[in-house]
Amino acid sequence: DTAVSQTPKYLVTQMGNDKSIKCEQNLGHDTMYWYKQDSKKFLKIMFSYNNKELIINETVPNRFSPKSPDKAHLNLHINSLELGDSAVYFCASSQVGVYGYTFGSGTRLTVV
Amino acid sequence: KQEVTQIPAALSVPEGENLVLNCSFTDSAIYNLQWFRQDPGKGLTSLLLIQSSQREQTSGRLNASLDKSSGRSTLYIAASQPGDSATYLCAVDRNDMRFGAGTRLTVKP
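Protein sequence lines correspond, in order, to chains G and W. So in this note's numbering, spot 24 of the first sequence is number 36, and the numbers just go up one at a time. So in this note's numbering, spot 70 of the second sequence is number 358, and the numbers just go up one at a time.
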């Protein structure tokens, strides 16, 4: 069983569209995260959710919105996609401060 | 704000060599430090996790050390193999995980 799963794995879309990426974890962790890996391969945190509460938002445009229907899911919605949004988006989960992070396999988003 | 630096940015070694990857961080108030491996076009694989109270962790040919007071960690890889070629990422956890830019390792047969 995959611990942290993301769908889709690849997403190609046109500028201006709205899209969503889904993430699910079956580890029983209490916190989930979204990271963006840009073309230079640098990983930067976007959001984290702990018990359905947003606790970090790192200067991310408000076109990006995380949605957590329950503790095991954290979806990422992106409105009005721009060329600069092209990147690999990783979902992760953790039990805060204890066990380290487990990452999904990533979603490669290409905006054309 | 936590900043994580990894040196060198890239490293190429012949097969069989022992090597050390370096990681430094600016805020020593961390919960733990984690080393990951990322293969091209792939996700992150956790290699070693060192909790803040620990000094080192070992897994097979890998050994990671942590000196929290000086803000440093090293990843030692013994008897390197071509299959070790990947990007190695260091990350520190304090409320959220902050990553270094990685060291791209190439092990030549």
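It should be emphasised that the hints constitute simulated quantities derived from the structure, not laboratory data. Please read all numbers here as calculations on a predicted model, not as lab measurements. Just so you know, even glycine gets a beta-carbon here, dropped at the ideal spot from N, CA and C. Be aware that one or more of the hints could be misleading.
Coverage of chain G stretches by chain W, computed from C-beta distances (three or more under 8 Å per stretch; other residues unrestricted) [stated by the list, open to error]: (1) 24-35; (2) 82-89.
No more than 25 Å apart at the CA atoms, straight line, and that leaves these computed lysine to any residue pairs for SDA-like [claimed, not checked]: (3) G:Lys53 / W:Val301; (4) G:Lys56 / W:Lys289; (5) W:Lys289 / G:Ala15; (6) G:Lys83 / G:Ala15; (7) G:Lys56 / W:Lys396; (8) G:Lys48 / W:Asp327; (9) G:Lys53 / W:Arg343.
Computed beta-carbon distance windows for the label pairs [as the list claims (entries may be wrong)]: (10) G:Asp42 / W:Asp315: 22 to 28 Å; (11) G:Asn63 / W:Thr293: 28 to 34 Å; (12) G:Asn63 / W:Ala297: 24 to 30 Å; (13) G:Lys64 / W:Arg349: 39 to 45 Å.
Query - Indices of hints not satisfied (ascending) - result: 1, 2, 5, 7, 9 and 12
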